[in-house]
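A.B. asks: One-letter residues, chain by chain:
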Amino acid sequence: DAKTTQPTSMDCAEGRAANLPCNHSTISGNEYVYWYRQIHSQGPQYIIHGLKNNETNEMASLIITEDRKSSTLILPHATLRDTAVYYCIVRVGHGGSQGNLIFGKGTKLSVKP
Amino acid sequence: EPEVTQTPSHQVTQMGQEVILRCVPISNHLYFYWYRQILGQKVEFLVSFYNNEISEKSEIFDDQFSVERPDGSNFTLKIRSTKLEDSAMYFCASSVSSGRRETQYFGPGTRLLVL
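In the order they appear, the protein sequences are chains A and B. Residues in the first sequence are numbered consecutively from 1451, following our numbering. Residues in the second sequence are numbered consecutively from 2, following our numbering.
Zero decoy hints are in this set.
Using 30 angstroms as the maximum straight-line C-alpha spacing, the simulated DSSO-like pairs for lysine-lysine come out as follows: (1) K58(B) with K84(B); (2) K1519(A) with K58(B); (3) K1555(A) with K43(B); (4) K1555(A) with K84(B); (5) K43(B) with K1502(A); (6) K58(B) with K1555(A); (7) K1562(A) with K43(B); (8) K58(B) with K1558(A); (9) K1519(A) with K43(B); (10) K79(B) with K43(B); (11) K43(B) with K1558(A); (12) K79(B) with K1555(A); (13) K58(B) with K1453(A); (14) K1453(A) with K1558(A); (15) K1453(A) with K43(B).
Stretch-level coverage of chain A by chain B, calculated; a stretch enters the list once three of its residues show a Cβ under 8 angstroms from a Cβ in chain B: (16) 1494-1501; (17) 1551-1562.
Keep in mind the hints are simulated off the structure, nothing from the lab. Quantities reported herein were computed from a predicted structural model and do not represent experimental measurements. We put the CB at the ideal spot given by N, CA and C, even for glycine.
All chains, full assembly: derive it from the sequences and hints.
C.D. replies: See the structure below:
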């Protein structure tokens, strides 16, 4: 399984872009990068995922480096409600697996007024 | 927007008692999951379920745990004889399909406290 490395915590000013990095240097060619977040012990919330191309949706953008060894989640205009733990997850994709998610400790993002 | 729902939101039980946690997955989803999160720790995978069978389970999911889809809408997690260390948030999730391309959507969780 590809493991991920994320900073323990980050701060961001309200209204500014939040850029959350993730290293996944052992990712294999057919594994996707997923981002979830968890707001104060609520259920994890899906944000975005990608394989090798950059992705954007209404919540965020995902930038994946060309070598796929790292990625950055971008929240373009962070609000106080974006304060949460953000998880970068590489999906388990070996034979027969249903693709259970393996969560790390994530990055605690604090958005400050 | 369809959501995964879970009941109850909180459950307090005595050690040794049986508990059943309930989940209603998103209606067109075929794959179902249980995860748990002990306070202050990581979210951990317990079990996945498809076509009325367990697809995969973790080491945590021992003989005290069981899952069932008793009807067309509910998905349950039973803990036969609860222990203090079972105190945790339990999250249900569902996905349309399986594997690395399908997104799992999580419910709000049930907070279980074993006394």
